[in-house]
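Asks: Sequence:
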Amino acid sequence: ERAMVEIAYPGDIIGLFDPGLYRLGDTLSQENGLRFAPIPVFAPEHFRRVLLKNPLKMKQLQKGLVQLAEEGAIQVFRPMIGSDYIMGAVGVLQFEVTMARLKNEYGVDAIYEHVDYQAARWVRCTDKKKLADFERKNQMTLATDSEGFLTYLAQSEWMLKFFMEKWPDIEFHKTRENI
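Taken in order, the sequence shown gives residues 40 to 218; the numbers are from the working numbering.
Quick caveat, the hints were computed from the structure, so don't treat them as lab data. Do not rely on the hints blindly, as some may be mistaken.
To be verified - Estimated spans, in silico, between C-beta atoms of each pair:
1) I78 to G146: 23 to 33 Å
2) G187 to D65: 37 to 47 Å
3) P94 to T66: 37 to 47 Å
4) E216 to I53: 51 to 61 Å
5) E70 to G121: 44 to 54 Å
6) D65 to K176: 29 to 39 Å
7) S122 to E196: 25 to 35 Å
Said to hold, decoys possible - Here are the simulated PhoX-like cross-link-like pairs (lysine-lysine), alpha carbons at most 20 Å apart as the crow flies:
8) K142 to K102
9) K142 to K96
10) K213 to K200
11) K98 to K142
12) K102 to K92
13) K176 to K205
Note that the Cβ used here is the ideal one computed from N, Cα and C, for glycine as well.
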């Protein structure tokens with residue numbers, strides 16, 4: 040049963056019209072300045088490249104992937120080199136669900152293929168020159184996520200460890216809340 044309400048209390052489940060203002064984990068309150076720690080975004084363990092069957096549907100694909108990433112259904116990465124969309128997920132079933140939702144909700148007929156990434160880490164460095172050097176020398180392994188954060192995509196755990204040792208001034212984070 041649906042009803043309009045003027046007041047909601049803690050624990051109430053309500054629906055809001057959202058033109059893109061609210062995000063998963065946002066807090067609504069009459070009090071100003073009420074803040075909670077953000078919900079952490081964990082590094083995905085599985086990765087797939089999205090292949091669009093009809094290139095004329097690129098805008099719909101972009102919109103769908105952005106909105107699904109905002110919901111937390113998947114994570115989306117754009118490599119610094121190339122124009123691919125790389126989906127990241129904690130479980131492989133998320134890819135099937137994403138493809139079905141892209142088709143049903145956005146009219147996008149797409150498929151995905153496996154990519155050779157084993158880990159993702161959000162990177163940060165307080166020294167802007169060192170970060171710029173890292174970016175310049177490692178463009179093939181770097182991407183930005185749907186929020187614009189720089190992300191290292193490792194082809195293996197060994198490569199991740201190697202990069203962490205090679206670049207000690209660069210911080211590699213398993214969760215995005217630390218960025």
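Asks: So, for every hint listed, does it hold in this structure?
Replies: How the hints compare with the structure:
no.	hint	verdict
1	I78 to G146: 23 to 33 Å	holds (30 Å)
2	G187 to D65: 37 to 47 Å	violated (18 Å)
3	P94 to T66: 37 to 47 Å	holds (40 Å)
4	E216 to I53: 51 to 61 Å	violated (26 Å)
5	E70 to G121: 44 to 54 Å	holds (46 Å)
6	D65 to K176: 29 to 39 Å	holds (38 Å)
7	S122 to E196: 25 to 35 Å	holds (28 Å)
8	K142 to K102	holds (12 Å)
9	K142 to K96	holds (11 Å)
10	K213 to K200	holds (13 Å)
11	K98 to K142	holds (13 Å)
12	K102 to K92	holds (16 Å)
13	K176 to K205	holds (12 Å)
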